[in-house]
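Asker: Quick note, the sequences are listed as chains S and E, same order.
Residue 1 is where the first sequence starts when you use the working numbering, and the numbers rise one by one after that.
Residue 1 is where the second sequence starts when you use the working numbering, and the numbers rise one by one after that.
Because the hints were derived from the structure by calculation, they are not lab data.
There's no promise every hint is true.
What the hints assert, rightly or not - Each pair of labels, with its calculated beta carbon distance range: (1) S:D624 with E:G57: 15 to 25 Å; (2) E:G162 with S:R658: 49 to 59 Å; (3) E:A134 with S:A639: 28 to 38 Å; (4) E:G163 with S:A639: 32 to 42 Å; (5) S:G520 with E:P212: 30 to 40 Å; (6) S:A639 with E:V122: 18 to 28 Å; (7) E:S172 with S:A435: 54 to 64 Å; (8) S:R658 with E:F142: 55 to 65 Å.
As the structure is a prediction and not an experimental result, all values here were calculated from the model.
Where is the CB? At the ideal position from N, CA and C, for every residue including glycine.
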Amino acid sequence: MERELTGAITRSFGRPGPVDAMLRPPCEVACPIHTNAQRYIQLVAEGHDARALAVVRVTNPLPQVIGRICPHPCEEACRRGDVDEPIAICNIKRVASDGARAAGLGFEPPKIEFTTGKKVAIIGSGPSGLGAAHDLALMGVRATIFEKQPEPGGFLRTGILNYRLPKDILDEDIEYIRKMGVEIYTNADVGRAVKFNDIMAEFDAVLIAAGLSESRPLPIPGADLPQVLLAVPFLEAVNAGREVPGLGKEIIVIGGGNVAIDVARSARRVTGGKVTMVCLEADHEMPAHAWEIEDARAEGIEIVCSQGPNAIMGEGKVEGLQVKKCESVFDEHGRFSPTFCETELSVVPGDTVIVSIGQMSNLSFLPEEGPAVNERGILIFDREQCTTTRRGVFASGEVVTGPGAAVNALASGKKAAIAVARYLGVDVNFRPEPAAIGEVPADVADKVKKAPRRRMPARDAGERLKDFGEVETGLDEVDGRCEASRCLLCGSGARYSQLKCIACLTCVRVCPYGAPWADGEGLGGIDPDKCQACGICFTQCPAKAIDLTVMSEEDIAARTVAAIADSGNGELEFGCWYSQSRVAPEAAAVSLPCTGRLSVRLLLHAFESGAKKVYVAVCSEDDDGHFVHGHRQTRAAVADAQKALGEAGLDPASIELRIEPELKCRKAT
Amino acid sequence: MITAERKNFDEIRRMTDGAQKLLVVGCNTCVAVCLTGGEKEAEILASQLRLARKQDGIGGSVETVTVLRQCENEYLDSISEQVQKADLVLSTACSIGPQGLVFRYPTKAVVPAMNTNMMGYVKEHHVWTEYCVACGFCIIAFTGGICPIARCAKTLLNGPCGGSQGGRCEISPDVPCAWQEIYDRLAALGQLDMLKRILGPKKWNASNSGGPRTMKMEGFKP
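Okay, chain S solo, but in the shape it has when bound (with noise of 0.2 Å):
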């Protein structure tokens, strides 16, 4: 099992709560494909980027893919959003990946060895088909993918533009994937180049990946006139470089959804011209995400909405869109059921109209024997187990699931892949659905620093319309590094055993976030809602029934004997990983969350360990620093280590805190 007790938390009994659950972030819960950020964030704010990317590719075989184009329910998640504002976890994936990219590390796959002999054919190469074909290999099927477009990657690469997703970095991904030993046929349209029942014959599975591949059209009058288009053969034509029959240079973009905005965006750049998006919906009811409205505005793009279309006017050619007033698009029951006032009308003039309302499968390749489609053209699927009506055809992504985010088809096409092996009689690690720890109460967030989140830097508005160059420039090292450092490292502080517990309430008293809890009855246990991993309580259990997840006494103990063989001098700075700078730079570095759970036992094992001198960094004297209380725990700790040393005959003054209020503290700036 992948995830191990000593990550996990444990709420005791005694309590409401789960029982014994393993609680994770909700960042991991609400993650489609359940990548540890919070370990990603932590490297990446510890400067380990390379590392970092590597803890994105357990489970994600597109790390730089998904860090610039996801819509990251990660933060919607985010506990720090009961703080001040969620962590930017998306961009600092791309931070990590980024970073490692620059150090030439993290981008040489694993060596895999197919033993099963197993091979599996799946037609599509979009991020549902890449990330089956990855995670098969993985556990040694050798994944054959067929594509229809001269280059892979699907609707990632025909779809997105260029000025979101930089095409090398979507073809270093898949670059990666091939490099592990999955086949990729281009030009290879099922139906047509390779017949169905061929590929059959040949592979033991077929997965069905095909993705949307078709615009839904718009049947309304003058849909017929040659300026009119659909989104999904024009992002193509733009993403080839091919001019686009019929483009004039006022556009009109039917639909509010995501695609209607790269549409759009696109359709400014490529034209110069105006643009107008017209949407059945409301302001505040798009379904485009915020962000991505927000930069369409910025670079010019009308956004008309509540109107639906009626009909395209002109005689010959496209003149205007005709739209009436649509006064709701959703039911009671919040079902897409649009009312119009077909009264109301009026005119957006216009010379072209893209019409991006929806997609659709393309199922022609499918062979008369199965597997069968419904009455409505959709593949019938067995959600849970991805199978189809055909015996060894599977499917995934969006021709099954409907359209949503890359990630989403990601997260299809691995359990696509865990169905795939399954049926293959290949040994699969089986991985239980995480479950959340709560929100951070009201009381213990407003005891936790504020800090602002970092911004994305971007290109100028005016400056980006230019051409299709990158539009998100990434957050640089320091920006990224205190972004990551806002974490506030969910479920992964106090651990707690109630078998060495011996109720002495110390934890109970000395914790300044009440997270820790005792009734009468000598039960206990520690809130990990309320735990923030400042480790005073670890510091002070007399017992050591307190241990802390991330950061453990023994990694604290195993760091500090590394680290002391590393220093030429024997000497030793413990800090803060919140301060950006050094007290003793000569000295090998320990990085801890918080100073405050340096314990007397951790300073004198240094010694034992062979430092000669040991400096305590912090950043002021105020109590605080980083968490309540924090820095009075260190001075406590070091002046009890100083006497401890000094009785032993050592000089006490080999353990020195520094008070360097030049450290910055990375959160806070």
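We have chain S already, so just place chain E on it with the hints.
Answerer: Leaving out everything else, chain E in the frame of chain S:
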């Protein structure tokens, strides 16, 4: 709860320097709760001893082990292997711990790392106050629930001495006068009449003045 404080480090050194294989035994009950002799403190002491011995060129080893209570045979039995390997055992328990070790391991040298000082109430974190001296015959029913034996410096039974000033004891302004506290408490309870009753001479025969006391319970025995 029994409270104990660690002895002066030099005194501990003098007791232990001759040992090649020293075992520090922590106790995870009273002395852990009073933050002086539990697993954490036993490990800190062992670490200090190792550093000091190394500094002075004393070889050998200093190991630690902690039991839940050193006043119980079964817990002491559980560390038999470590105790047998050691040539000296240093106990961080109250004095019952080392004596228990001596009883259990008659041939093993055992020394205390602690001075046992009292039975205390935790007034606040890190502060313990003596409330009971185990005199063997409790009289606090007559004194508003406040023990003059433990809490009056002169163990007076019938009111304060002349050293009670402004509610404080003459031994220190930090020490409240127990009889002032008794008076205030009885007044609050409306029981000042209790003070009209003279408490006769204290029965000290139940205290420890007559040799070690033994408590035996009747009832089921295996």
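Asker: Verify the CB-CB distance for E:A134 and S:A639 against the hinted window 28 to 38 Å.
Answerer: Once the Cβ atoms are compared, 35 Å apart, the range 28 to 38 Å for S:A639 and E:A134 holds.
Asker: Does the hinted range 30 to 40 Å hold for S:G520 and E:P212 at CB?
Answerer: 34 Å, holds
Asker: Quick check: does the Cβ-Cβ distance between S:R658 and E:F142 fall within 55 to 65 Å?
Answerer: 59 Å, holds
Asker: Kindly confirm whether 18 to 28 Å is satisfied by the beta carbon distance between S:A639 and E:V122.
Answerer: Because 23 Å falls inside the window, the suggested range holds.
Asker: Is it true that E:G162 and S:R658 lie within 49 to 59 Å of each other by Cβ?
Answerer: At roughly 55 Å between Cβ atoms, S:R658 and E:G162 fall inside 49 to 59 Å, so the hint holds.
Asker: Please test the hint of 54 to 64 Å on the beta carbon pair from E:S172 and S:A435.
Answerer: 56 Å, holds
Asker: Is the hinted range of 15 to 25 Å satisfied by the C-beta distance from S:D624 to E:G57?
Answerer: Taking Cβ atoms as reference, S:D624 and E:G57 lie about 44 Å apart, which means the hint is violated.
Asker: 32 to 42 Å was suggested as the range; check whether the CB atoms of E:G163 and S:A639 agree with it.
Answerer: For S:A639 against E:G163, whose Cβ atoms are near 36 Å apart, the range 32 to 42 Å holds.
In summary, the one numbered hint that this structure violates is 1.
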